[in-house]
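**Q** Given these sequences and hints, build the entire structure.
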Amino acid sequence: MNERAPSFLANPEAANPEIERYYQQGQPVAEHVLRWMGRRLGSAVSFDDMRSCAEEALLDAVRTFDPSRASLSTYVARKVRWAILDNVKRERRSRRALARATALFCAERLSTELASVPDDAGFSEEDHVSALDRLLEAHALALALGLVSGASTPEEHTSRAEMAHALRHAVGALPERERKLVERHYFQGEDFDEIAAELGISKSWASRLHAQAIQSLGTAIASRTR
Amino acid sequence: MHPLLADPWVAARIDAAVAPYRGLLPDADLVFLREELAERLATDEHAARLFRRAAPRHVEQSGEAFVGEDVPNAPEVRRAAGAGE
Chain A
1 MNERAPSFLA NPEAANPEIE RYYQQGQPVA EHVLRWMGRR LGSAVSFDDM RSCAEEALLD
61 AVRTFDPSRA SLSTYVARKV RWAILDNVKR ERRSRRALAR ATALFCAERL STELASVPDD
121 AGFSEEDHVS ALDRLLEAHA LALALGLVSG ASTPEEHTSR AEMAHALRHA VGALPERERK
181 LVERHYFQGE DFDEIAAELG ISKSWASRLH AQAIQSLGTA IASRTR
Chain B
1001 MHPLLADPWV AARIDAAVAP YRGLLPDADL VFLREELAER LATDEHAARL FRRAAPRHVE
1061 QSGEAFVGED VPNAPEVRRA AGAGE
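Quick mapping for you: the protein sequence lines, in order, are chains A and B. Mapping of the first sequence onto our numbering: position 55 corresponds to residue 55, and the numbering continues sequentially without gaps. Numbering-wise, our numbering comes out as the position in the second sequence, counting from 1, plus 1000.
Careful, some of the hints might be misleading.
Stated by the list, open to error - One-sided and incomplete, this derived list gives chain A residues near chain B with beta-carbon spacing under 10 Å:
(1) Arg39
(2) Arg78
(3) Ala99
(4) Glu125
(5) His128
(6) Ala131
(7) Leu141
(8) Leu147
(9) Glu162
(10) Ala164
Hint data in this document are derived by calculation from the structure and do not stem from the laboratory. Yeah, the Cβ is synthetic: ideal placement off N, Cα and C, and Gly gets one too.
**A** So this is what it looks like as structure tokens:
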């Protein structure tokens, strides 16, 4: 990623062999995510800006990594993705990439929540295949929801109008709190944590409701073609 | 194209997940969905774990994935993690 060592690694007093090892191990992961995000978001986002975000996220990740909670590669990848996406959402000049960034954000939020849920996929290969299909179904919905809610140009709104209509119909059938969470966050642009506070639920519970809502919506949209 | 999509078994699962969106999203978005779902299988820990369990004959714990003889026209080896780089 960056051939130069970060200042905190170069300072012998501040150097921590474990953190330095995490940094060396995390670098290729951050580089992979950076290049992948660069291809996904295209030229609408400055690659230098993304690299800067990725480097900051990598440093933050190696300082805060807890081996008991996740693997280093997963943690670094997640930190780097969030940092790049968060920057795209904040920068007006990256507006053309907003829909894809929102889609990746939505899928990332789903991944984070599902990673904390114990696997319950049964024991046979058939059970695992079924669980994999449901996961892909949910992620496809998360990406589609993000593409619709992040649409920022008239052309994007027009080309995704049918998807938006189908989604709004499916969202309307969700249980009340899931519906409010999805409508307010994705269609009214309200901050996820603020919605959770107003609904009187914790952030972790809101994340769980979000994952349930995405999975239900994925099933509802998939049922249209069954 | 994402390397995992060269495997017909994986491509079929991903295409099934994307199928409900045909006619609802433009083609460019459908391509984006396919590619991103493949990337999830390659880099997301939870998804990769389910993938290994669902396709044990195809994916080794090492991250090297071997495609068996029962999958026609498939590449001999694909990467299950860090694919595409």
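**Q** Would you mind marking each hint as holding or not holding in the structure?
**A** Here is how each hint holds up against the structure:
no. : hint   : verdict
1   : Arg39  : holds (8 Å)
2   : Arg78  : holds (9 Å)
3   : Ala99  : holds (9 Å)
4   : Glu125 : holds (7 Å)
5   : His128 : holds (4 Å)
6   : Ala131 : holds (6 Å)
7   : Leu141 : holds (9 Å)
8   : Leu147 : holds (6 Å)
9   : Glu162 : holds (5 Å)
10  : Ala164 : holds (9 Å)
Checked against the numbered hints given earlier, this structure breaks none of them.
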